[in-house]
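Asker: Dock chains B, C and D against the given chain A, drawing on the hints supplied.
Number of protein chains: 4
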Amino acid sequence: MMSPERPITRSSRTEHFTSSTTDTQRATMVDIKCTADFCLIPMGTESPSVSRYIAEIQILMRESGLKYSMHSAGTTVEGPWDQVMDVIGKAHEHMHKLGVQRVQTDVRIGTRVDKQQSFEDKVTAVEKILNEKDQEDAARA
Amino acid sequence: MMSPERPITRSSRTEHFTSSTTDTQRATMVDIKCTADFCLIPMGTESPSVSRYIAEIQILMRESGLKYSMHSAGTTVEGPWDQVMDVIGKAHEHMHKLGVQRVQTDVRIGTRVDKQQSFEDKVTAVEKILNEKDQEDAARA
Amino acid sequence: MMSPERPITRSSRTEHFTSSTTDTQRATMVDIKCTADFCLIPMGTESPSVSRYIAEIQILMRESGLKYSMHSAGTTVEGPWDQVMDVIGKAHEHMHKLGVQRVQTDVRIGTRVDKQQSFEDKVTAVEKILNEKDQEDAARA
Amino acid sequence: MMSPERPITRSSRTEHFTSSTTDTQRATMVDIKCTADFCLIPMGTESPSVSRYIAEIQILMRESGLKYSMHSAGTTVEGPWDQVMDVIGKAHEHMHKLGVQRVQTDVRIGTRVDKQQSFEDKVTAVEKILNEKDQEDAARA
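Chains as they are written, first to last, in the numbering used here: chain A, 8 to 148; chain B, 8 to 148; chain C, 8 to 148; chain D, 8 to 148.
Every clue listed holds true.
Identical chains share a label here; the pair holds if one copy fits it or two copies do between them.
Derived SDA-like pairs: lysine to any residue, alpha-carbon spacing no greater than 20 Å straight-line: (1) K74 / V130; (2) K40 / Q90; (3) K122 / S54; (4) K135 / E70; (5) K74 / Q124; (6) K104 / K140; (7) K104 / S54; (8) K122 / G86; (9) K140 / E70.
Just so you know, the hints here were simulated from the structure itself, not pulled from any lab data.
If we strip away everything but chain A, and leave its shape as in the complex, we get (with noise of 0.2 Å):
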C-alpha cells in the first residue's frame, strides 16, 4: 500500500496515455472488471412516467450477454470495463434514438483486486452476517 504520506514519482505514472488515442480508434483499453449500478434518466419527456424507456433499456441488458439485474432505483450490470461502459452508452444512444433529447444517468461503478466477486455474493454476505446476528440475539435471550 501506497504511504500517503510519501511523494509518489512520476516514473509510476508516464506509462499511461502514451498511445495517441484518436476519436475513431481506440489504442489502449481498460482492462479490469467492474460492477456497475446504474440509473438512466430521460429528461424533456412529455410524461414523468419512463417504465416504457427504462423496458428498452432492459432489452438492450439482455441482448448485451452481460450479466445484469434490474432493481427499483437502476440496474446493476457486471463485466469487463468497456463492455459495461458500451452497454451504458449504448441506452444513452438508444434513448436519443426514440427521441429523448437529453439523458442523465448516475453510475456506481466498483472495482476489486483483493477478491472475485459477483453483485450477488455482496447481499449473501451481508445477510449470513444477519442471521448469525439474529442467532446469537436468540441464544442470548
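Answerer: Showing chains B, C and D alone in chain A's frame:
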C-alpha cells in the same frame, strides 16, 4: 418523440449488438459526446484522507487531453463517450497499481442532442437567469 | 406547468425560509414522501470488505419501521422525507460510533406528485411492458 | 476501530430508535455536520433545458443561510445534517409547486470525525500536492 403510450416494435432495436464483441477487441463503439462528473473513493486505505490519490487522478486527467475541471465533490470531464469512460477506468486501474484494493466511483453522465453545450455554459446560463432576476427585483423595489 | 421561457416572480419563493431555523430546533419540515436508494461507503477502514458495516445498517433500517429493501448496490427505502433522511444520517452516526472516521454515501432520491407508486411497483411496471413485448414478438414469429 | 472480524454485540445498537418518531413530529435528530453535493433533475418537463429550475434552487440555497457553491454538475452545500437535507427537500417541494410532477436528485454526502474540513479545503489540499509534484519534476529535469 416516441409516444410513451405506443408500443415500440422490435425492428427499432435489433440493429444493436449484432456484431460479436469480445473481451480483447471492441467491434462497435459508442459514438456520442458526454459530460461526466465523477467522485472516486479508494476503499480500505490506511487513512481517511485521500487527497494524495485525488492528486494522482488529476495528473491522469491532465495527460488525457480531455477538457476537465476539479471541484470539491468530484471532477467534471467532457469528450467522446469512450474516451471519458476510458480515463475513469484508467483512474481505477491506477489506484489499484498504487495498492488500493477496492475503488468505488459515483459518476453522473449527461448526453444531449438538442444543442451543444460545454459544462461551463451550464453555469453561465444559470447565472444569467439569476442576474436578470436580481435586476427585476431591484427595479421593483 | 411553468413555462421555462417565462421569468418566475419572486413572490412565489419568498414564503420559504422565513422562520429562523437553528441547529437544535427544526422550525419547518419537508412535507413530502420520497424514495431513496443509498450506497454507504466507510472510508479509511482496515479492510476493503465492508459487509459487516452494511449488516449494521440493515439492522438500523429494520428498527426504523420504514419500508426498505437491500440489493447488491445499495438499499432502497421509502417514507416521509425527514424520516428517510434521518435514517441515513443515523447510519452515518452509527458508522462513526463504530470507529469509522469518514463516511461517503451516494443517494438517489425521487419524489413525484402525479401518482403514488411504491418502489416495487416500478419494477412491476417495467416487467409488464417486457412481457407484452415478448408476447408480441412471439405472435409475429 | 471495530475489527471487521469480530461480531458486534447488539448492545451497541439498541440505543437507536427508542423514541417513537411520528410523521408530524421529530423526536430525535441527526447531530452531525455534512457536506452534500446534489444534482437535481426535473422530470417530465416540456423542454430538456432546466437552467431556469436550477436558478430557482440557487435562490433557495441563498435564502437558506448555508454555505454552498454551484458548479456545472451540481451544488455543494455544507452544514448540519438536518438543515442540509431540509434545503434539498425544500428544493424538491419547490419544483413540485412550480408544476414539475417528478423530481430525481443524486446526492453525494460526506461526514468525517477525524478533522474539520470545509469543502474548499479539499480542493486546496489536492492543488498543494499537485504543485509540490510539479516542483519536484521541474527540479529533476
